[in-house]
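Take the given structure of chain A and dock chain B to it, following the hints.
Spelled out from the first residue to the last, the chains are:
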Amino acid sequence: MTVSFVLLALLTLSAAVAAMSMPRLIHCALALAVAFTGLGGIFLNLGAEFVGLAQLLVYVGAVAILIVFAILLTRGSEVSMRPGARSAISGTVIALAVFAVLAHAVLTSGVSRMATTAVTPSNRVQEIGVTLLQQYVLPLEVIALLLTAALIGAVILAWREKSPAAQEGAETR
Amino acid sequence: MNGYFAMATGLAERVDQIFVTFDHWAVTNTPEPLRWLVSILLIVVPILAVFPGLFALTTVLERKGLGRIQNRYGPNRVGPYGLLQPIADAVKSLTKEDVVPRTADGVVHYLAPLVIVSTAFLAYAVLPVGRNMIAVHLDAGLLFFFAIGSATELAVFMAGWSSRNKYSLLGAMRAIAQMISYEVPLILSSIAVIMIAGTLSPEKIVLEQAQYTGIFPHWYVFTPWGFAGFLLFMTAAAAETNRSPFDLPEGESEIIAGYFVEYSGFKFALFFLAEYLEIFAVSGLGITLFLGGWSAPLSFLAVIPSWIWFFAKLLVMIGVFIWVRGTMPRLRMDQLMNFAWKFMLPMALIDMVCAGVWRFLPGGALWVVLRWLICAAIIVVPYVALARGLEQGRKIEQRVYRYAEEG
Chain A
1 MTVSFVLLAL LTLSAAVAAM SMPRLIHCAL ALAVAFTGLG GIFLNLGAEF
51 VGLAQLLVYV GAVAILIVFA ILLTRGSEVS MRPGARSAIS GTVIALAVFA
101 VLAHAVLTSG VSRMATTAVT PSNRVQEIGV TLLQQYVLPL EVIALLLTAA
151 LIGAVILAWR EKSPAAQEGA ETR
Chain B
1001 MNGYFAMATG LAERVDQIFV TFDHWAVTNT PEPLRWLVSI LLIVVPILAV
1051 FPGLFALTTV LERKGLGRIQ NRYGPNRVGP YGLLQPIADA VKSLTKEDVV
1101 PRTADGVVHY LAPLVIVSTA FLAYAVLPVG RNMIAVHLDA GLLFFFAIGS
1151 ATELAVFMAG WSSRNKYSLL GAMRAIAQMI SYEVPLILSS IAVIMIAGTL
1201 SPEKIVLEQA QYTGIFPHWY VFTPWGFAGF LLFMTAAAAE TNRSPFDLPE
1251 GESEIIAGYF VEYSGFKFAL FFLAEYLEIF AVSGLGITLF LGGWSAPLSF
1301 LAVIPSWIWF FAKLLVMIGV FIWVRGTMPR LRMDQLMNFA WKFMLPMALI
1351 DMVCAGVWRF LPGGALWVVL RWLICAAIIV VPYVALARGL EQGRKIEQRV
1401 YRYAEEG
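As you go down the protein sequences, you meet chains A and B in turn. Heads up: the first sequence is residues 1 to 173, going by the working numbering. Heads up: the second sequence is residues 1001 to 1407, going by the working numbering.
Mixed in with the good hints, there may be bad ones.
Stated by the list, open to error - Calculated from the model, a selection of chain B residues having no Cβ within reach of chain A, i.e. all distances over 10 Å:
#	residue
1	1018
2	1221
3	1402
Stated by the list, open to error - Simulated restraints on C-beta separations:
#	chain 1	residue 1	chain 2	residue 2	range
4	B	1386	A	95	47 to 53 Å
5	A	130	B	1390	45 to 51 Å
6	A	141	B	1027	44 to 50 Å
7	A	152	B	1390	19 to 25 Å
Stated by the list, open to error - Here are a few chain A residues that face chain B, going by a calculated C-beta distance under 7 Å:
#	residue
8	46
9	47
10	49
11	50
12	51
13	57
14	60
15	65
In short, the hints are calculated from the structure, not lab data. Heads up, the beta-carbon is just placed ideally off N, CA and C, and yes, glycines get one too.
Next comes chain A alone, as it looks inside the complex:
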């Protein structure tokens, strides 16, 4: 427990709490981005350079922007949302239940029974790259295929809505 870890953990946790409790949706999204940054900082603090920087690049650079854009395009910036106080109890119960199931699954899986020896993290990006493209090349390619399919699917969905009826107002491209 170093000072930097405590600071980063506090930042991440308070940003996560803020992301859940702020009245404005955009503020929540920005607080979530701060939480992502704090998480990336924790990875970097642990010496996992690649994971930490990828966390920043993907979550802060792409996911947070995507969330913010989605909010902006669907709701408009004026909408102010109160978090539903009525469903607080049921929400807590559901969250606890999900946590219990996940914790049970993790604890009974093979991962928890593996010997936990302290290994100095091999943070060399080169090693990660070599492992990814040699040992795990098949899963990588499968994931790439899946993502490509998802991308094409999204494009097709976006196309269909425009083509039949809404010709006059739609963009020509």
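Positioned in the frame of chain A, the structure of chain B alone reads:
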């Protein structure tokens, strides 16, 4: 004669490493409990001093250069040749009233310029400005640079959204769309360099290029894939930093000033500073990746200190940026997007393939020429085909003016 030569190279070496030596001396001569502070300050303070100084210089150069291009004088009232103009600008921006719109989101509005400036400064942490002169020795330095750069988008959004102004929101949307689109070719074109150098560390990439055959350096820009990659990288960099001809997010004539229209006084100056810091940082990265970083262009010129070479290259890049700004018209939004996705992205992918071919072709005596020709063909043929295809049979002709008379 030999003695003189040895002395000269020794002296050059000392001048080259003068800052590193000073750094080391200062740290070892401070009492133990304060060492960490001194070593941090000695890294941070030069970055905080040099690059804003360069920014001040660039504002004058830019206005002078644009003035020349547009056949006028530019600033010439403050100091000799208008050189003290940045000081006048600083005083002006510090004394101006800080206006925050009544409906603005106060906290986010306040934070946006701070976030954008701090991320712009963070990018310099992994930029080698001279031999052994880099703030943080990161194995994944390039990844850090791009990760930090992607945080700028969020700051731009914060500025545009919190101002509660339709123009600033439009500007922010444009800026983010543009940044996301051009980030892809920016990163992909640097992947070619990573493939050849086999490392993500900017220092090692420069060391790879700081070798000489005869008197000529091994800069990546002198290879077919490097040349194409450099052009792609700098084009994408201009778009990333909202430089003309990609300055749609700020288009003065259509959306006033885009995302920072509601900022005044010093906060506006911070946006201005951040924009230039990003230009310097990304130009510095382009120099590091393709132009040999701090290495001298000819082997015998290595007597001139490495940091002078880096900043000389940086100034040349800034000059090119000013030149482009003065001569190119602004793109339209659809042209911008088409250019990114239909031209830049395929070319960046082809460039990666070319780098792979370059890497695995044998390096015999005959093969040196052959390899060069093969790789050049891999770049040029798709380039011509792509350009022809995108033209779609349209011919580029001289523009006919219907109302204006030609002089």
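Original post:
Should the hint that residue 46 of chain A touches chain B count as held when the rule is a Cβ pair under 7 Å?
Top reply: Cβ of residue 46 of chain A sits 14 Å from chain B, so the hint is violated.
**OP:** Starting from the hint 19 to 25 Å, judge whether the C-beta atoms of residue 152 of chain A and residue 1390 of chain B obey it.
**Re:** holds, 22 Å
**OP:** Return the status of the interface hint for residue 47 of chain A: holds when the least beta-carbon distance to chain B is below 7 Å, violated otherwise.
**Re:** Hint violated; residue 47 of chain A Cβ to chain B Cβ min 10 Å, cut 7 Å.
Subject >> residue 1402 of chain B and chain A, when compared Cβ to Cβ, separated by more than 10 Å >> reply: Given that every Cβ of chain A is farther than 10 Å from that of residue 1402 of chain B, nearest at about 25 Å, it holds.
Original post:
Against chain B, with CB atoms and a cut of 7 Å, does the hint on residue 49 of chain A hold up?
Top reply: It holds, given that the least Cβ distance between residue 49 of chain A and chain B is near 5 Å, below 7 Å.
Subject >> Non-interface claim for residue 1221 of chain B, where every Cβ of chain A lies beyond 10 Å >> reply: holds, 24 Å
Original post:
Hint check: is the beta carbon of residue 60 of chain A less than 7 Å from a beta carbon of chain B?
Top reply: With Cβ-Cβ at 5 Å, under 7 Å, it holds.
Original post:
Should the interface hint for residue 50 of chain A be scored as holding, given a Cβ-Cβ cut-off of 7 Å against chain B?
Top reply: Status holds, d = 6 Å.
**OP:** May I ask you to test the interface hint for residue 51 of chain A with respect to chain B, counting a Cβ-Cβ separation under 7 Å as satisfied?
**Re:** This interface hint is violated because 10 Å lies over the 7 Å limit.
Subject >> 10 Å cut-off, C-beta based - residue 1018 of chain B kept clear of every residue in chain A >> reply: holds, 31 Å
Subject >> Supplied contact hint for residue 65 of chain A, tested at 7 Å Cβ to chain B >> reply: Holds - the Cβ of residue 65 of chain A comes within 7 Å of chain B, reaching about 6 Å at its closest.
Original post:
Taking 7 Å as the limit, does the beta-carbon of residue 57 of chain A come near enough to a beta-carbon in chain B?
Top reply: holds, 4 Å
This entry does not satisfy hints 5, 8, 9, 12, going by the numbered hints stated previously.
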